[in-house]
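Those protein sequences? They're chains P and S, same order as listed. Read left to right, the first sequence gives residues 1 to 126 (the numbering used here). Read left to right, the second sequence gives residues 127 to 404 (the numbering used here).
In short, the hints are calculated from the structure, not lab data. Given the structure is predicted, the values throughout are model-derived calculations rather than measurements. Each residue gets a CB set at the ideal place from its N, CA and C atoms; glycine is no exception. Hints are supplied without guarantee of correctness; some may be wrong.
[What the hints assert, rightly or not] Derived CB-CB ranges, DEER-like:
1. S/L144 - P/L32: 18 to 24 Å
2. P/Y121 - S/L390: 36 to 42 Å
3. P/N18 - S/M276: 22 to 28 Å
4. S/W244 - P/A29: 36 to 42 Å
5. P/L32 - S/F321: 34 to 40 Å
6. S/R378 - P/S125: 40 to 46 Å
7. S/L367 - P/A29: 16 to 22 Å
8. S/L260 - P/V70: 45 to 51 Å
9. S/E274 - P/G43: 55 to 61 Å
10. P/L107 - S/G402: 48 to 54 Å
11. S/L260 - P/P56: 44 to 50 Å
12. S/A230 - P/G14: 32 to 38 Å
13. S/S389 - P/N18: 36 to 42 Å
[Claimed, not checked] Sample of chain S residues lacking proximity to chain P, with all beta carbon distances greater than 12 Å (derived):
14. G140
15. L264
16. P273
17. V293
[To be verified] Chain S stretches covered by chain P per the calculated footprint, using a threshold of three residues with CB under 8 Å from any CB of chain P:
18. 181-189
19. 195-203
20. 309-321
21. 358-371
22. 393-403
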Amino acid sequence: MTNAHGMSEERFEGLIGNLLRAGVILAAAVVLTGGVLYLAKYGAQPPQYHAFRGEPSDLREVSQIFRDAVSLHSRGLIQLGLLILIATPVARVAFSVFAFAAQRDWLYVSITLIVLAVLVYSLVSS
Amino acid sequence: MHATTLEFTLLIAGGSFLAGLLGALTGLGGGVVIVPLLALAFGVDIRYAIGASLVSVIATSSGAAAAYLKEGYSNIRVGMFLEVATTIGALCGAFLAARIPTAAIAIIFGAVLLYSAWASMKTEVDLAPEPDRLAALLKLDGHYPTPEGMRAYHVRGVPAGFGLMYVAGVLSGLLGIGSGAIKVLAMDRAMHIPFKVSTTTSNFMIGVTAAASAGIYLGRGYLDPGIAMPVMLGVLAGALLGARILPGAKVRTLRFVFNAAISLVAIEMIVQGIRGHI
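This is chain S alone, in the form it adopts within the complex (with noise of 0.2 Å):
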């Protein structure tokens, strides 16, 4: 298909370029998009295509914590506390991945696929009014800025977002992908931490829980330096631009097609998984 070794190196850093940009303006995170370019359309094997992948979520997770970390939104005592679950979680997954067939894994994908580009489509939830005990133990409640100024919010539901983050984690290592989506879903929709807290708090989580398993997918060879340079080099990029231009892109009608598409990758993901193709 592809003559030479810089051809394949340049058309991988190209598409992960635009996967960067598109997971950034999204929100979806590059890793989704990038795991299905390389098994479908560049037929390279799904372990390595994780294992790229998973680089590529803890560059631009790091990348972009510092801005977010500015804007004075993430929650750090509720990352750290969730990164129990998440990373050990994470250490499952990977060891899950070496253990289960390549088909399972493309039909997983293909699943958690469909439920984040749904997820991503939903609106927030209300803030809890009262007070919990245990997030209370833990320190979890916080403040946030608005327009109105600094605005204090509760945190509940914290086994419940606690498990979810177990879930997120092994995901995540099992995938090679941030699992944005299922840790927004945890501290959005279980703990009712305001949206964009629960958003910027789940990147700043995803580079940790990410670390978790490219350890173990580095020990066991899943890293393969020809093709996770591109991926890297080319999210890292594609998700810097994104983060540039989102304050002023019309993201919702872009969301919408590119969650149409994510859909249909999601379908072939799971039609080639069944087959057996992957």
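Chain P extracted, bound-state conformation (with noise of 0.2 Å):
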């Protein structure tokens, strides 16, 4: 179905896909990176899992996670992955946002500005 407005659907759903796939393909691999790095510290340790302690706030905060992430820390290398994959839907519907505006949907640019917003809010409330 082409929109007379521009962009088809099937384009619409192709870059989607593709902006989905590239998402969990870096993620992914700032993960393994960090998992390898993590397992060379700590692979002789005995595992501490049982009790629940919640993470320290430099695995918490996104500021943090960044600065352990850049210095090479193996558990902030993993959670700077993390964050890339939850931030990866999150970038598909502010993409849609673009994408149905391109289209004049101006009824699914409110919907799909509400669903950013409590994307947004649930990544910066805590």
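Taking the hints as your guide, dock the two standalone chains into a single complex.
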């Protein structure tokens, strides 16, 4: 179905699909790199996951995760990969806002903005 | 039980690979297997298990979406409209997860697991013959490929579908699963959307729903890199392999055996929850 206002549905869907796949590949690559470094450093130690401790703040806050990842801290790098993964569907929704706007579908621009607002709230509220 | 972090990580990665493979082959998703696996078999705290499961759900949903979109089944408008309900639900579910005891989470998990296993055995419903005003207003009607060419369908039951999607979102945020079974229930049963469109649109929505609660889990410190790493990579690899061999696989028997196994796991979760071991 080609829309009178430019971008066809197929092209739109193809772009979304590629965006999602690229995000997952990038996230997996970063997590894998962090994982190798993590096992090289902590692999020989006994695991401690039976009790719940919660993560320290440097593995919870976005700015801290970036700082850790840039200095190649293994756990920070894994968290950065997870953050990229979480951001991938958010990017997809943000992209959909523009795609619906290109189709002049203002109803769906509004609906998509609501979804985007909920996602952004979940990332910044905590 | 396990001597080193390396062994523990490899065991979790192997288990997650199997979970992703079986989840893709049976259509139940990896999340329903990963949480009981970590909580029951590895003794991981259920909140860490849920956090790790959530990220694996995002990975499989996003990784598979590209293929589904190409086939032309997914209905992007239906997905986006219903994501309003699932993401708000997911936020509520993630907030609830911090407030109710882990034993209660385990019991709810078992109940949802039993329902999912039962629901995946059911067959399709009839398509709606007539257009519905609300659905038309929201431009939800669509068409999908069949062997006889493109076929149009009408959507109805929008309020009921929207309400069920909210529930699916709450359970996703609370339990760390994709809630695919309840999403399909909402679209297939309540809204009379063709089965194949329901399942692919559901898969497409799962990543966005899980992202809404994963943000909360990350911020609260429920995402442990040491656990999430092998789970995410293992499930993703398993799901990719599953999607590749699915067209030629004889899934009927597999699905039956898997559902029986899932039901036993569900009962074990409920028992452990009632006894207060989780």
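Okay, the hints, checked on the actual structure:
{"no.": "1", "hint": "S/L144 - P/L32: 18 to 24 Å", "verdict": "19 Å, holds"}
{"no.": "2", "hint": "P/Y121 - S/L390: 36 to 42 Å", "verdict": "39 Å, holds"}
{"no.": "3", "hint": "P/N18 - S/M276: 22 to 28 Å", "verdict": "24 Å, holds"}
{"no.": "4", "hint": "S/W244 - P/A29: 36 to 42 Å", "verdict": "39 Å, holds"}
{"no.": "5", "hint": "P/L32 - S/F321: 34 to 40 Å", "verdict": "36 Å, holds"}
{"no.": "6", "hint": "S/R378 - P/S125: 40 to 46 Å", "verdict": "45 Å, holds"}
{"no.": "7", "hint": "S/L367 - P/A29: 16 to 22 Å", "verdict": "18 Å, holds"}
{"no.": "8", "hint": "S/L260 - P/V70: 45 to 51 Å", "verdict": "50 Å, holds"}
{"no.": "9", "hint": "S/E274 - P/G43: 55 to 61 Å", "verdict": "57 Å, holds"}
{"no.": "10", "hint": "P/L107 - S/G402: 48 to 54 Å", "verdict": "50 Å, holds"}
{"no.": "11", "hint": "S/L260 - P/P56: 44 to 50 Å", "verdict": "48 Å, holds"}
{"no.": "12", "hint": "S/A230 - P/G14: 32 to 38 Å", "verdict": "44 Å, violated"}
{"no.": "13", "hint": "S/S389 - P/N18: 36 to 42 Å", "verdict": "39 Å, holds"}
{"no.": "14", "hint": "G140", "verdict": "14 Å, holds"}
{"no.": "15", "hint": "L264", "verdict": "7 Å, violated"}
{"no.": "16", "hint": "P273", "verdict": "20 Å, holds"}
{"no.": "17", "hint": "V293", "verdict": "16 Å, holds"}
{"no.": "18", "hint": "181-189", "verdict": "holds (count 6)"}
{"no.": "19", "hint": "195-203", "verdict": "holds (count 6)"}
{"no.": "20", "hint": "309-321", "verdict": "violated (count 0)"}
{"no.": "21", "hint": "358-371", "verdict": "holds (count 3)"}
{"no.": "22", "hint": "393-403", "verdict": "violated (count 0)"}
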